[in-house]
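Chains A and B supply the protein sequences, listed in that same order.
Reading the first sequence from the start, the letters are residues 1 to 269 in this note's numbering.
Reading the second sequence from the start, the letters are residues 1 to 164 in this note's numbering.
The hints are simulated quantities; they were obtained by calculation from the structure and are not laboratory data.
Idealized CB from N, CA, C, for every residue including glycine.
Be a bit skeptical, because a hint or two may be false.
[Stated by the list, open to error] Label-pair distances were calculated between CB atoms; the ranges are:
{"hint": "1", "chain 1": "B", "residue 1": "88", "chain 2": "A", "residue 2": "127", "range": "50 to 58 Å"}
{"hint": "2", "chain 1": "B", "residue 1": "71", "chain 2": "A", "residue 2": "168", "range": "52 to 60 Å"}
{"hint": "3", "chain 1": "A", "residue 1": "230", "chain 2": "B", "residue 2": "69", "range": "44 to 52 Å"}
{"hint": "4", "chain 1": "B", "residue 1": "44", "chain 2": "A", "residue 2": "85", "range": "19 to 27 Å"}
{"hint": "5", "chain 1": "B", "residue 1": "49", "chain 2": "A", "residue 2": "178", "range": "34 to 42 Å"}
{"hint": "6", "chain 1": "A", "residue 1": "96", "chain 2": "B", "residue 2": "37", "range": "20 to 28 Å"}
{"hint": "7", "chain 1": "B", "residue 1": "49", "chain 2": "A", "residue 2": "268", "range": "46 to 54 Å"}
{"hint": "8", "chain 1": "B", "residue 1": "43", "chain 2": "A", "residue 2": "250", "range": "35 to 43 Å"}
{"hint": "9", "chain 1": "A", "residue 1": "96", "chain 2": "B", "residue 2": "152", "range": "18 to 26 Å"}
{"hint": "10", "chain 1": "B", "residue 1": "155", "chain 2": "A", "residue 2": "154", "range": "29 to 37 Å"}
{"hint": "11", "chain 1": "A", "residue 1": "227", "chain 2": "B", "residue 2": "160", "range": "34 to 42 Å"}
{"hint": "12", "chain 1": "A", "residue 1": "227", "chain 2": "B", "residue 2": "68", "range": "43 to 51 Å"}
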Amino acid sequence: MKDAFAAFGMALAALMAVPAGPALASRQFTPEAPLAVTSSADSLVARGGGRVGGGGRASNGFGNAGTGLNRGSIRPSGGWSNQVQPGASTGPSLDRANRSNRDRANRDVNWNGNRNGNRDVNRNWNRQVNINNVVVRPGWARPGWGVARPWNYGWYGVSTTPAWGWWGARAALWGVGSLATAAIINNAVDDAISDNYSTIVVPNSDYLLYYGSIQPSGQSTVNFVVQADGIDYQLSADCNAGLINGKEPKTAAQAELLNAACQVAFGST
Amino acid sequence: MTSVSIPTCRPGLLALLAASLLGTPLAARAEVLYKLSTQCSLGTGNPQPCQVEAINEKGATLYRQTIGSTTETIRITDQPVRMERWDAQTKRWQSLTSAAARFSRNTVCFNGRDLCVVNPNYLNSVEQDRPEAMAGRDLVQVFFGKDGRINLSCYDDGCKKVAP
Numbered sequence: 001m002k003d004a005f006a007a008f009g010m011a012l013a014a015l016m017a018v019p020a021g022p023a024l025a026s027r028q029f030t031p032e033a034p035l036a037v038t039s040s041a042d043s044l045v046a047r048g049g050g051r052v053g054g055g056g057r058a059s060n061g062f063g064n065a066g067t068g069l070n071r072g073s074i075r076p077s078g079g080w081s082n083q084v085q086p087g088a089s090t091g092p093s094l095d096r097a098n099r100s101n102r103d104r105a106n107r108d109v110n111w112n113g114n115r116n117g118n119r120d121v122n123r124n125w126n127r128q129v130n131i132n133n134v135v136v137r138p139g140w141a142r143p144g145w146g147v148a149r150p151w152n153y154g155w156y157g158v159s160t161t162p163a164w165g166w167w168g169a170r171a172a173l174w175g176v177g178s179l180a181t182a183a184i185i186n187n188a189v190d191d192a193i194s195d196n197y198s199t200i201v202v203p204n205s206d207y208l209l210y211y212g213s214i215q216p217s218g219q220s221t222v223n224f225v226v227q228a229d230g231i232d233y234q235l236s237a238d239c240n241a242g243l244i245n246g247k248e249p250k251t252a253a254q255a256e257l258l259n260a261a262c263q264v265a266f267g268s269t
Numbered sequence: 001m002t003s004v005s006i007p008t009c010r011p012g013l014l015a016l017l018a019a020s021l022l023g024t025p026l027a028a029r030a031e032v033l034y035k036l037s038t039q040c041s042l043g044t045g046n047p048q049p050c051q052v053e054a055i056n057e058k059g060a061t062l063y064r065q066t067i068g069s070t071t072e073t074i075r076i077t078d079q080p081v082r083m084e085r086w087d088a089q090t091k092r093w094q095s096l097t098s099a100a101a102r103f104s105r106n107t108v109c110f111n112g113r114d115l116c117v118v119n120p121n122y123l124n125s126v127e128q129d130r131p132e133a134m135a136g137r138d139l140v141q142v143f144f145g146k147d148g149r150i151n152l153s154c155y156d157d158g159c160k161k162v163a164p
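Looking at chain A on its own, in the form it has when it is part of the complex (with noise of 0.2 Å):
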């Protein structure tokens, strides 16, 4: 009897994984048949949205026990890719990939310590986000973000010593001799992407950065979210001219801000 109720429960489980729909597989191409085909628009800009997830269904135990792999066919937030960049990949591997320059005391710096306490907010961030309803984990801030970017990446981050006209008196008034490194940001990315968080702290500043939020508008231009003071803000940046909403950075934390959002966009992994 003992054993009756265990099969009852079992195969009740099982129905209520069973994803609805109709289990039809269409059979009709072959490759050596012609298509008729459509190309889909590319687009480097996310739709937005809501996030994944969510629902009443109660919890049976089996919701994450799924099939794993999928046809990989819904569009990911940010598009397609049509390339991977020469040289950002060693070619295909099941072989876990070695994080370079893994620094454990860059961990701890940028999740418990040097916040100073600078945070601030332009007058004209003023565009306030309700953090649900941006897509925070987008398909390519997972393992292998650098190279799952699926835009133009890898031409910022060559020296810590912006090019942006105003960096140079800036950083002598705020006493700043050089921005966080690529391998700071990119780790912290990465601890973040393991740990299951969707911020980092942005090195020696209390900005949180939804890293998964980034998304460029263009070649050199991103968006993304931050939060400041417990308030999530839109924001852009210009990578190449060094502007955070059209202006200057007016803090060494700010350029901190906009240094870590093109470095995840753009750096170099």
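Please arrange chain B on chain A, whose structure you already have, making use of the hints.
Chain B in isolation, oriented as in the chain A frame:
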């Protein structure tokens, strides 16, 4: 003088019109999701440049890998998930025995390592489709039974327990 305006059509409408004129059955219409220049490997061979064409049709997505003079086509259906390789000799789809993805290397392999492809697009889609299930995952493997359906899935260190 009276001007005559020519109505404009969306490309999709033009394709539909062309298809109907050519007599192409609607069921055979497909959409190219993307074309990706990337790297592939066959068996124990070295990585080499390849082109991936992802084609969506009703109920299935096809991945056509062109590696030099070789073309390998994988068809993936869902509900339930099946993966098949086109056998050019027998002119039939043959179920895969396994597939694996290593996210940190942006790699997906079919039938062990018979065909491996760097395809971040595929993995981005998988990741975004099931963010909770994939969070923190790096290696994902699936195995197929004789009926072509998945009979085993594993993640990361769990895959060591099912290594052949």
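Which of the numbered hints are not met once you compare them with the structure shown?
When the structure is compared with the hints, numbers 3, 7, 8 turn out to be violated.
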